[in-house]
Amino acid sequence: MNIQEIVSLFSGPNGENKAREYLESNNVLPLILQESQQIEGRISPDLRDLARLHATIRARKIFTILEFGIGYSTIVMAKALKKNQEDWDELEKKPLVRKSTPFEVHCVDASTKWIDVTLNGIPPDCKHIVKTHETKVNSGLFSGRSCHFYNQIPNVIPDFIYLDAPHPNHVRKRDGKNSKWSKNKDRVIMSGDLLRMEPVLLPGACILVDGRTANARFLKHFFYRNWSFIRDENGDVTAMELQEKPLGDINKSTLKYTLGKRITEWVKE
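The opening residue of the sequence shown carries number 1 in this note's numbering; numbering runs sequentially from there.
Quick caveat, the hints were computed from the structure, so don't treat them as lab data. One or more hints might be untrue.
[What the hints assert, rightly or not] Result set (EDC-like, lysine to aspartate or glutamate): computed pairs, CA atoms no more than 16 Å apart in a straight line:
| id | residue 1 | residue 2 |
| --- | --- | --- |
| 1 | K99 | D116 |
| 2 | K61 | E24 |
| 3 | K61 | D87 |
| 4 | K83 | E5 |
| 5 | K18 | E5 |
| 6 | K83 | D116 |
A quick note: this is a predicted structure, and the numbers were derived from the prediction, not measured.
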């Protein structure tokens with residue numbers, strides 16, 4: 001399946017049932033249901049979103065994930081990366097791939113509480129996969145436009161990015177005081193971190209934006225490289241894929257391994 005097929009897979013009228021069946025067949029559903037009962041008042045998991053994440057990571061044979069936010073999604077993505085690692089380890093002849101942080105999900109979040117809650121729910125066999133980065137998020141400007149940035153971004157080059165944070169209440173001014181975002185509930189969230197990261201991302205990188213339609217449009221406007229944009233209204237998600245020719249033999253070899261039959265014209269000889 002290509003990225004468009006994966007994005008829409010769980011978005012139809014029967015999407016939730018398909019998602020439940022998918023997560024159950026991949027031994028993820030019990031973990032999610034158990035975790036959702038641990039904290040009173042916690043938002044119920046969206047099984048369609050979680051199934052979409054797992055399917056994307058597995059189909060694209062993702063190595064490294066950068067997640068803006070933390071929660072049920074972290075558990076699901078860690079389990080998907082664990083399967084990718086097992087598949088990789090079983091290969092007798094491994095393709096030429098260069099990854100400094102293979103099979104790791106790096107989570108950036110401003111909430112100590114939810115970082116601790118999520119880490120407590122990570123299965124023992126996935127503890128080594130999840131790396132958390134607690135950091136504040138401040139309002140700022142990109143090309144004169146209002147947005148916000150996390151203070152620290154982990155030193156990783158992800159091939160998959162999940163944008164699902166921060167909460168507007170977490171955005172502060174540089175002096176630590178509440179910003180306009182937290183004072184005016186009409187202001188939509190507007191993350192600018194990926195605009196700063198774009199130059200170092202490698203061809204084939206994939207971004208999934210959960211909701212945050214205005215933010216996805218903001219990124220689309222300012223991205224300067226050759227991205228495809230897929231908007232699924234039913235699932236309320238936006239997917240982006242960096243469709244550029246490989247940078248060299250290693251990048252080409254990586255794309256051939258990760259995309260397989262889904263390889264498109266922009267990476268062919």
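Hint-by-hint comparison with the structure:
Of the supplied pair hints, the one linking K99 and D116 is violated, its CA atoms being roughly 28 Å apart against a limit of 16 Å. For the hint pairing K61 with E24, the CA-to-CA distance comes to about 20 Å; that exceeds 16 Å, so the pair is violated. Simply put, K61 and D87 have alpha-carbon atoms about 9 Å apart, close enough for the 16 Å limit, and the pair holds. Only pairs whose Cα atoms come within 16 Å are accepted, and K83 paired with E5 is rejected, the gap being roughly 21 Å.
In summary, the hint linking K18 to E5 is supported, as the alpha carbons are separated by about 14 Å, within the 16 Å threshold. Pair hint K83 plus D116 does not hold up; C-alpha atoms about 24 Å apart against a cutoff of 16 Å.
In summary, the numbered hints that this structure violates are 1, 2, 4, 6.
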